[in-house]
Amino acid sequence: MAALEWIAVSKRFRDRPALQGFSFALPEGASVGLLGPNGAGKTTALRLALGFCRPDAGVVRLRGAPPEDPAARLGVGYLPERLALPPRAGVRALLRLHARLAGLDGDRTREEIDAVLALTGLEARAGDRCGSLSKGLAQRVGFALALLGEPRVLILDEPTSGLDPLGVRDARDWIQAARRRGCSVLVSSHVLSEIERTCDHVVVLHAGQVAASGRLEALLGPGESLEDAFVRLVRPGAAA
Amino acid sequence: MPSAPAQFLALTGEALGDAVRRRVAAALAILALLSLAAVDSCTACAAGTFTVNGIPVDGSRIFGWTGIALYALLALWTVAISGALASDHLQQSLDDGTAQLALARPVGRGVFALARLTGALAVSLGTGGVLLAGTALFLHARYGFGLGPAAAAAAGAALGAIVVSSLAMTASLFLPRLATLAAVFLAVALIAGVNGVALTGTDLSAGWSALDRFAPPLGTGVALAVAEWSGRALPASPPLVAARLALWALLGPALLCFCFRRREI
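Chain order of the listed sequences is A and B. For the first sequence, this note's numbering assigns the number 18 to the initial residue and increments by one for each residue that follows. For the second sequence, this note's numbering assigns the number 35 to the initial residue and increments by one for each residue that follows.
Same shape as in the complex, but just chain A:
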């Protein structure tokens, strides 16, 4: 069973098609990078995967179930592109709330919260209000929320946004640690170098359709970087 699957999915927003017949499956334990130029449909694909919106045609399955079913989202960690933390909530209090929403039991909650705080380097800021944090620290809180409770599926939209070089390196380590646990990871990003370092599969979306997908090395031509391949795929005229 795929961790996450889109089957012939189409989605329009008013007259604008966001996805057209999009099919892709995220295998269990795999790490896949979702690439595409702005407006290619990446965020729509992620919103569909979490049940935030419904496809006009086709089927989306999250761990084998429709994502609108709350049970399907059990064990899913999500980091949105535009992370919005409640400004007056404390970091630990926010993690506690999400632990309860995720169904972590009482004894495990504290351990899990301490573990993600330590992992993301936020132990000293646990009592701070989210509104007082810099963008980079807020992004670390976003990662802590996504990693809380050792998720089985991790959906990350522009995960390194706002992180300094140390934070970017840490984020890479967190993603790779999740993969070692067998977590399936889907990363949507414009930072191609990060995709190269964290993912072994890539899907390139262009105008709502899959322009290419497969293992990273299979997508690259001889001597070609991921950036070259990306440009070749989404702007064929520029490849020559």
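It is worth saying that the hints were derived from the structure and are not from the lab. Incorrect hints may appear among the rest.
[Unchecked claim] With the C-beta cut set under 10 Å, the calculated list includes, among others, these residues of chain B facing chain A:
id, residue
1, M35
2, A40
3, A44
4, G51
5, D52
6, R55
7, V145
8, R296
9, E298
[Said to hold, decoys possible] The following residues of chain A were derived to be distant from chain B, with all beta-carbon distances above 12 Å:
id, residue
10, G46
11, R109
12, L180
13, Q193
14, L233
15, E234
16, L243
17, A246
Positions of the beta carbon are idealized from the N, C-alpha and C atoms, including for glycine.
We have chain A already, so just place chain B on it with the hints.
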């Protein structure tokens, strides 16, 4: 799978905290205190006898009516304010993205919407409750009005607040904030006004009569309760009105859950 009641409690706490931290909540609390001070002042001149055209009249007979009208108005004010506070309490969390973070968890849309509604209602009914309880105590101490009708009117206002808040929250999923806010005040004023006219026995045209019969009986529910103080019987059946209010108080949140489940976020 996490239990829905535990999730509801956690989200309600969060929604209550959000509502308390909003500036409008502080404004409501101050307004409630100022209103209580005004009620204290308005009801202070109950004692004594007035001479009208040479005939001595007990002060409570004049000012008692003011008290009844005042209590009914404050109950309806509580209903309207509840709707106003709820009108963007769900939509705001969608706009700022905090709802999406919670809904990426195994949380049902219905649980989330009802938690936001409960959080907003806790603040509005809390302040409204203090205002109505204080007013009822003044009326009881100064005019000897019974507390039973006051409690019944407050219960009617609470049910009305649930109805208006849930419908306002539902409307906010489709309408801009200002339009929702205007709709809340207009609807409460219109329904209460039509209810009031109908209770005087005036014949209404078909449209107004339908509004009086089928819309949530916001004004009738409160008026029937406080009318007991005057000893006058009003042309409406209290059990039927209570049943209609209770039915609307179930339908409103059900409609909210139905619409929010279909809303794309």
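(message) I'd like to know which numbered hints this structure contradicts. Please list them from smallest to largest.
(response) none
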